[in-house]
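Asker: Residue strings, one per chain:
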Amino acid sequence: MNLGPGHPGFAEFFAGASARKRNRRPCAFAHPAPFRYITVVILLILISGLINPIWAESLPDAQKTSEPLKQLSLADLGNVVVTTTSKEPEEVWKTPAAVFVITQEDIRRSGATSIPEVLRLAPGVEVARVDSDHWSIGIRGFGAVLASKLLVLIDGRSVYTPLFAGVYWQVQDTPLEDVERIEVIRGPGGTIWGANAVDGVISIITKNAKDTHGSMVSVGGGNVDQGTGDFRYGGGNDQGFNYRVYGMGFTRGPQSHSDGVNFDDWRMGQFGFRSDWDKGPRDTLTFQGDIYREVAGETTQYALYSPPSQVTVDGNAELSGGNLMGRWKRVLNEGSDFQIQAYFDRTNHFEPEFGETRDTFDVDFLHHLTLPWRQNFLWGLGARVSPGNVVQMVPTTDFLPHHLTDQVYSGFVQDEIPLFSRQLALTVGSKFEHNNYTGFEVQPSVRLLWNRTPRQSFWGSVSHSVRTPSRLDEDIQINFFATTTPLPIYLRASGNRQFQSEELLAYETGFRTLVTSHVYLDLALFYNDYNDLYSFEEGAPFLEPTPLPVHAIIPLLTSNGIRGTTKGFEVAPDWKPSSRWELKTSYSYLEMQFENKPGSNDPSSVPGYEGSSPRHQVGIQSFVNLPKKLEFDQTYRYVSALSAQGVSSYSTADARVAWRATKEVEFSVVGENLLQPQHAEFGGEPGGLVGIKRSVYAKITWRRAAN
Amino acid sequence: MAVVMAWVLVGVPCLRAQSSKPTDYDVKAVYLFNFGRFVEWPANGTAAKNDSFAICVLGQDPFGPALDATLAGETIDGKSVVAKRISTPEESGDCRIVFMSSAEDARMNKIIAALNKEAVLTVSDIPQFSQHGGMIQFVLEGKKVRFEVNLTAVQHAGLTLSSELLKVATTVRRNSSGD
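Protein chains in written order, with our numbering: chain D, 1 to 707; chain E, 708 to 886.
Worth flagging that the hints you see were computed from the coordinates, not collected in a lab.
Misleading hints may appear alongside valid ones.
[Unchecked claim] Pair ranges (Cβ atoms, derived):
id : chain 1 : residue 1 : chain 2 : residue 2 : range
1  : D       : Val81     : E       : Gln835    : 23 to 29 Å
2  : E       : Gln838    : D       : Lys628    : 43 to 49 Å
3  : D       : Tyr527    : E       : Glu798    : 48 to 54 Å
4  : D       : Gln239    : E       : Glu798    : 52 to 58 Å
5  : E       : Ser794    : D       : Asn223    : 57 to 63 Å
[To be verified] With a cut-off of at most 27 Å between alpha-carbon atoms, the simulated DSSO-like pairs for lysine-lysine come out as follows:
id : chain 1 : residue 1 : chain 2 : residue 2
6  : D       : Lys94     : E       : Lys817
7  : E       : Lys851    : D       : Lys663
8  : E       : Lys851    : D       : Lys279
9  : D       : Lys94     : E       : Lys851
10 : D       : Lys279    : E       : Lys874
11 : E       : Lys786    : D       : Lys329
12 : E       : Lys874    : D       : Lys663
13 : D       : Lys279    : D       : Lys210
14 : E       : Lys850    : D       : Lys628
15 : E       : Lys851    : D       : Lys210
16 : E       : Lys874    : D       : Lys629
17 : D       : Lys207    : E       : Lys850
18 : E       : Lys850    : D       : Lys329
19 : E       : Lys817    : D       : Lys279
20 : E       : Lys850    : D       : Lys210
21 : E       : Lys786    : D       : Lys628
22 : E       : Lys850    : D       : Lys629
23 : D       : Lys70     : E       : Lys851
24 : E       : Lys850    : D       : Lys70
25 : D       : Lys597    : D       : Lys567
26 : E       : Lys817    : D       : Lys70
27 : E       : Lys786    : D       : Lys70
28 : D       : Lys70     : E       : Lys874
As the structure is a prediction and not an experimental result, all values here were calculated from the model.
Every residue gets a Cβ at the ideal spot worked out from N, C-alpha and C, and that includes glycine.
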């Protein structure tokens, strides 16, 4: 990954310096007209609706189902596992925020092989694959490899690095078969989760150990995902103790490079465990941990003070680490419970351009109680201490000081007050944080939920949220080579110790309805007012005599010089035309408008922000259950153009066919990015846009339940 | 395009076939039949004079053929069980059990008030049905269909639930007549 060109502002800035390489659009990345494809899909749906009156199941067929059910006792009837014809979005229904749940079924049937690919399924989330092991991810804008305005949690553990306030997506992995669900909240999650949940929260929740008894082995391979394997073994006793252990690994080949430099191959191995103990009726204890090691191919460009002034290096990033977490939940009495969680995380991240080792210690406490008038009250405290150490690998990139400990202390309160005989719920809350960069930050939020009928609800909210500074904003020293005439000139981006938190005031509203028992609709609108966004200001050039040869420096100081607004909406209709076919669709619209604040001379961050997020995104997921235990699933997506990345709009599709041969064995074949041989999604790497290849893989999964 | 053709050839003709797992309404239909067997009606009620045992669906019918298939050829107390569709509470005179579909949630309170005066067992899957005075409410726990009972409402209507039914219910409410 590149610290410089990774940031959208930098990409635009250096368009001048290496214009032809970054902004060209090679003819190889042609694409079909997206709306033609959508029209065909819609016609197919309508045609199949006409020639197959799908609702008219015949009476004899229905009797075949009811006969065996009638033989069951009442108790056994309550144990029959059913498929539901209607969506019962229980937790989503009562949340006054734009929340989307990606279920295990969505994950399994998407054929996705990594968490970033799974996140494409949520509306409002922009996922763009840069190359084999880098993704740019954002919610409602600001998609970037070094995305800083998202909070990402795995089982409550925050996986962001304070180095650049973002996520190293390559190392966030877990066997996807054991992910229970992923909750994506678009919009500020300020109150409970805290700073940096500015544009959203992604919470990955793995299955409780009591749901993963037995063994599971899965092996697969294909042209790009060349070899993948994972295993899991779980068990438990009848004292309420359950555990599982797992291992996973893969080797992935490079994506498509027009200059033939296939740098982005990638391999990793990871082990982990989870145990859940239901100790008595009141207490639950959970322990979990993971350990991983990866080698990810990278290409990096950095400057040198002496000729050749700039080098491009294809090297490997050595990544390793582990984490350990414990959590204790106790029910005090009806309507009152608390939770204490502590975790330790170690990350070793060594790239050709820089290296970092970091330890994180975190403790969180949360108490939930019911107050008079049925108020649902939550409050909590948290502390996170994270000593990090930067290792300088090249003379022109550094973070000063090398060693710094980030400390964040936080507290929050939230009260949910039912009004008008529980038709309305008003939620007010705030998070208070103290960090070592900007001191004290307050993030209040007010939300209102109106359950107009049991099938329709409206919600609205106003929140204030901040993205606190990272070491990238405050401590970085990075030089970029500009030109050699008349003497070597470098641009030097420096961190600013006075960098302020980026701020957001968000106004959101939404509407959910079960239109019929087979059609569900979720609509969310937002208007976000940003201030103090990251920019860099050009200073007066000066001559620097050492190291020789004498060279000129144009200083760029990171600053809070941009402000602006984003607005848009996401609509996600869900339709179940028959018991065998489900359609999940979404459309996301985003408009961004930014400007330099008075006094800011940053020439490129505004077009960088505005041109790195798509205005339109369309997603369609179709799940078809065929007889003889066959599943046929398709995903279609369309993303509009990113002008600052030199990427044109594209539409592509994935397809999956799976066959449950026996109760224990499942075969599946998945094709991804099928509509073109390759297409680019995001820029940023030296060497031009990387084409994401059309790929196919096959997988066998063997499961055996415990006795 | 290959993906589209594959979808047309494989997906379309197969969409008619019967599902292999029961739906929640298949199970709810069997529950309704069982409620008929495990509930005692007053001997001198209006419905007792009929020679058929009617299980009625009020409003939009979510069962499809599942309810008719379940009740076909069955008898309770020597009376043949039939499924009826009605659209207002006034038509429930012959009904022993009335199931209210979730499409009727807007009228839920009015319907409960009208029916609870008769010896009719009211059942629904509308959320908070039993809290509002409905007698039996279906709930989905994970992917399993269970039910809650509002015992006060049942007793007010002069009905008696067998202890077998009460044992299996996930919640039995007493002294709760709505919010």
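Asker: Take the hints in turn and mark each one as holding or not.
Answerer: Hints, one by one, checked against the model:
1. D:Val81 x E:Gln835: 23 to 29 Å: Once the Cβ atoms are compared, 25 Å apart, the range 23 to 29 Å for E:Gln835 and D:Val81 holds.
2. E:Gln838 x D:Lys628: 43 to 49 Å: The hinted range 43 to 49 Å holds for E:Gln838 and D:Lys628, with Cβ atoms some 44 Å apart.
3. D:Tyr527 x E:Glu798: 48 to 54 Å: With Cβ atoms ~50 Å apart, the hint holds.
4. D:Gln239 x E:Glu798: 52 to 58 Å: 55 Å, holds
5. E:Ser794 x D:Asn223: 57 to 63 Å: Cβ of E:Ser794 to Cβ of D:Asn223: about 59 Å, so the range 57 to 63 Å holds.
6. D:Lys94 x E:Lys817: 25 Å, holds
7. E:Lys851 x D:Lys663: With a Cα-Cα distance of about 21 Å, the restraint between E:Lys851 and D:Lys663 holds, given a limit of 27 Å.
8. E:Lys851 x D:Lys279: Holds, because 25 Å separates the two Cα atoms, which is no more than 27 Å.
9. D:Lys94 x E:Lys851: 21 Å, holds
10. D:Lys279 x E:Lys874: 25 Å, holds
11. E:Lys786 x D:Lys329: 53 Å, violated
12. E:Lys874 x D:Lys663: Violated, because 33 Å separates the two Cα atoms, which is more than 27 Å.
13. D:Lys279 x D:Lys210: 13 Å, holds
14. E:Lys850 x D:Lys628: 22 Å, holds
15. E:Lys851 x D:Lys210: OK: E:Lys851 and D:Lys210 at ~17 Å, within 27 Å.
16. E:Lys874 x D:Lys629: Distance of about 36 Å is beyond 27 Å: violated.
17. D:Lys207 x E:Lys850: With Cα atoms ~16 Å apart, D:Lys207 and E:Lys850 stay inside 27 Å; holds.
18. E:Lys850 x D:Lys329: Between E:Lys850 and D:Lys329 the Cα gap is close to 25 Å, so the pair holds against 27 Å.
19. E:Lys817 x D:Lys279: 45 Å, violated
20. E:Lys850 x D:Lys210: Given that 27 Å is the threshold and the Cα spacing comes to 16 Å, the pair holds.
21. E:Lys786 x D:Lys628: 40 Å, violated
22. E:Lys850 x D:Lys629: Holds, because 19 Å separates the two Cα atoms, which is no more than 27 Å.
23. D:Lys70 x E:Lys851: 16 Å, holds
24. E:Lys850 x D:Lys70: 19 Å, holds
25. D:Lys597 x D:Lys567: Measuring from Cα to Cα gives roughly 19 Å; hence the hint holds.
26. E:Lys817 x D:Lys70: 33 Å, violated
27. E:Lys786 x D:Lys70: Holds: E:Lys786 and D:Lys70 sit about 18 Å apart, inside 27 Å.
28. D:Lys70 x E:Lys874: 19 Å, holds
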